[in-house]
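Protein chains in written order, with numbering that gives the first Met the number 0: chain A, 0 to 314; chain B, 0 to 274.
Careful, some of the hints might be misleading.
Unchecked claim - Straight-line Cα separation of at most 30 Å, DSSO-like style, residue types lysine-lysine; simulated pairs:
1) Lys60/B / Lys25/A
2) Lys110/B / Lys229/A
3) Lys184/A / Lys308/A
4) Lys16/B / Lys98/B
5) Lys314/A / Lys184/A
6) Lys255/B / Lys201/B
7) Lys314/A / Lys242/A
8) Lys60/B / Lys46/A
9) Lys167/A / Lys46/A
10) Lys98/B / Lys110/B
11) Lys229/A / Lys242/A
12) Lys25/A / Lys98/B
Read the hints as simulated data drawn from the structure, not as lab findings.
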Amino acid sequence: MSAPSGGGASRDGYGAALLEMLDDDKVVVLEADLGKSTKSCLFRAEKPSHTVSLGIAEQNMMLVAAGMATSGYVPFASTFAIFSERGFEQVRNGIARPNIVVHLCGSHGGIHTGTDGSSAQSIEDLAIYRTLPNMTVIHPCDDISARELTLQLRNHDSPSYMRTARNKVPRAYSEDDIQKLQIGKGVVHREGDDVAILACGVMLNEAMNAHTELEQAGIHATVVDMHTIKPLDTKLIDDLTRKCGAFVTAEDHSVIGGLAGAVSEHVVANQPVPVEMIGVQDRFGESGGSDELLQIMGLKSSDIVDAVKRVIARK
Amino acid sequence: MERGMGFNVTELEAMAKRCRRNIVKMVYNAGAGHPGGSLSAIDMLVGLYGHRLRVDTDSPKASDRDRFIMSKGHASPGVYAVLHERGFLTESDLDTFRKLGGSCQGHVDMKWCPGVDFSAGSLGMGLSFGIGCGLAATLDSSERTAWVMLGDGELQEGQIWEGVMAAVHHEIGNVKVIVDRNGIQNDDFCDHQMRMFDVSEKFSSFGWSVMEIDGHNMEEVVNAIDWADQVTDGPACIVMHTVKGKGVSFMENNPKFHGAAPSEEQFQLAMEELA
């Protein structure tokens, strides 16, 4: 795949995708006073008739979206990842349970969100939404993939949760390789036989950097953008189990229940191999720069390199 | 689609009595369920389905039908009884209440039951859903209307007031709310659990048009439905004063029958009273 370039935050990709859906009168956008942050404001500016402001009231937003969806519309509702959780039971009972196709986007996910501090840094969203039957859970790594995956949601037949990030990282995709993106399918960015690093969100960038460091040490790693946490690409994981025999997961999320949980559940139930997990170690975040927080939380490429060495030793 | 069933007040009253019998039968046969809030709501449910709602039994999901959203989803026996009268459910469907694989789930569920527009069971969500239906109808330039029934205890949920604000902000004229003010919730009387004082005043202070009625007087019920239909510049709320368990002496105004089935002896007595 092409080399990473300048980059945009995944939330920018969400906003860009909404703009590409302006000509579809069945698409409606719902906001809870954070449209400037989630980037749904771009759609609002162009098509206020199909944008619904619900104020700072997330629970109401979830069910308004459900009501519109059952009336033939395709709602894209967004707020911060953390505040979407205030409406979790609404998503559970009002959207997932009746399998109503509402697309929920939680921006500012993870500790990479930075200086706002721990109240704004959801580190559990992927885990909780993944437990709901019918839900698709997606966490893209950059703006280009977020745009493409959001566009694919327009014709998706189940409700979804997409987590986007506040801050930019180098792009992993260019316009030329968006055809490699498909909901439910991991994208292999680097190939190697010694270990498979499965990453999502901003951690794909760290995984790519780790790959470079590992090559210098003579360790050949496969690196996958596991942008869809659910449904998990189990075929790819099975292939990599046979090929590499060891995994490292990397996510800006608690190590409990997110990508690490999803991968481990599948691996131990099928073909057990060692798995090391890079993620937030059952603690809350704090204020700081994105990179500072990645460092103190143990989410840097060097942490992935160490995890790779540990997991290879366990093979 | 036909509007209502063409029944006059006397016919609606007779329909309500049949529904009351079915409510008590369903709960007795299942050995569980919520008779009290079904019996308080049933006259309005009969008014809506018998006098007003445009729905189609041959096409329960017809896009231009009116929506009825039973937000207090535990009052499911009342909904099933009236859906039976309107032709969505057979008598044997009613026997599936709370049974494995049955269309009559414990709480109303749109995935299981024809004619049910909203999967309820968790209080506080129905008004928001109705607002979504109303906004969609406006975008479609459709005259379809969303009718939402709330329990009075349910008003304690914060999400209700998020919806109350949103309906006014968006000047939604195609959403109608009915509050079943029976004064009793799961554990006890509402006044012991969390006082709500003047419900009408609360809705009107947010900017809603409000009408108060006796929810067991069919003429008032029908007139209130017609009144709500005329309110098109914003949301309308009917606060109906009701008696929990209405029609069965030992259930009336008795918190024990919020969510309990009658014994065999009580069932026989109820059937005599509703004969």
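Structure-based check of each hint:
1. Lys60/B / Lys25/A: Distance ~18 Å between Lys60/B and Lys25/A Cα, so the pair holds.
2. Lys110/B / Lys229/A: Holds: Lys110/B and Lys229/A sit about 23 Å apart, inside 30 Å.
3. Lys184/A / Lys308/A: Measuring from Cα to Cα gives roughly 27 Å; hence the hint holds.
4. Lys16/B / Lys98/B: holds, 25 Å
5. Lys314/A / Lys184/A: holds, 26 Å
6. Lys255/B / Lys201/B: Holds, because 28 Å separates the two Cα atoms, which is no more than 30 Å.
7. Lys314/A / Lys242/A: Distance of about 12 Å is within 30 Å: holds.
8. Lys60/B / Lys46/A: holds, 29 Å
9. Lys167/A / Lys46/A: holds, 27 Å
10. Lys98/B / Lys110/B: OK: Lys98/B and Lys110/B at ~15 Å, within 30 Å.
11. Lys229/A / Lys242/A: holds, 23 Å
12. Lys25/A / Lys98/B: The hint is violated at about 38 Å.
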